[in-house]
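Chemist: Sequence:
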Amino acid sequence: MSTHDDEPRPGADPRAGQPAPQYGQQPGYGAGGQSGYPQYGQPQYGQPGGYGQYAPQGQYGQYPQGQYGQYGPYGQSPVPARPTPVVVASVLGFVFGALGALMSLAFLLGGALLGTVLEDVIASDPTLADVDAGELGEVTDVALAFAIGAGIAALVWTVLVIWGSVRALTGRSRVLLLVGGGIAVAVTALFLFSILTGLSTGEVGGGEVLFALVPFLGAVAIVVLLCLRPAAQFYAAHRARRAR
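Numbering-wise (the working numbering), the sequence shown opens with residue 201 and increments by one.
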């Protein structure tokens, strides 16, 4: 027999002549039972892992930003925008607070200097030379007590209005500014009434009326603006946001 008979013919199946695989064994392909293709589940060409392996970022279902239940940009309610009535009322409150600070300083300094001023006036006016010193002292004490009391009251009201304006502008509460505005309405209304009384008798003119009318209208504007629907909705939204 020729040796060429042992060599496989071109195009013939190389597995021809090999024994059939036993029951339960997988047939091999070529030498070593391996084919030219990678086996199922094995990585190829530098891949990091086979089929079914998880990525290194984390397990399935995990979030890279954090655990479930933490507050994020999508879990918080947006901050309500300040409506125009709230901004205007707060600005008016700051203006009244500045005026109140000037009034407090004027009352306190006036009360401290009142006695000295009266003594200088009496000494410079000969018609007041017969004024009793005891009566002058009593009048001076009463005026001093009134000036100091008015200065302290004005200072307390100034702090109330300024702090109320800050809280109203930040959405915390409008109560303090409403109280301060109500006090301002009462005081400016009395001042305006006295000016109008003098106007009816011809003692004052239109300039004094305008001077008294402007602060009265400003105080009324504070109260009215804070009671409007946009302001009420603004503070209700802030209360609901703080309650979460």
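Since the hints were made in silico from the structure, they are not lab data.
Source: prediction; values computed, not measured.
Check the hints yourself; a few may be wrong.
[Unchecked claim] Listed next, with one range per pair, are the computed distances between beta-carbon atoms:
1. Ala312 with Phe391: 36 to 46 Å
2. Ile352 with Arg444: 37 to 47 Å
3. Leu413 with Val287: 17 to 27 Å
Quick reminder that beta carbons are idealized off the backbone N, C-alpha and C, glycines included.
Chemist: Taking the hints in turn, state whether each one holds.
Modeler: Going through the hints against the structure:
Between Ala312 and Phe391 the CB atoms are about 24 Å apart, so this pair departs from the stated range of 36 to 46 Å. Distance hint for Ile352 and Arg444: a CB-CB separation of about 41 Å, consistent with the stated range 37 to 47 Å. The hinted range of 17 to 27 Å is satisfied by Leu413 and Val287, whose Cβ atoms lie roughly 24 Å apart.
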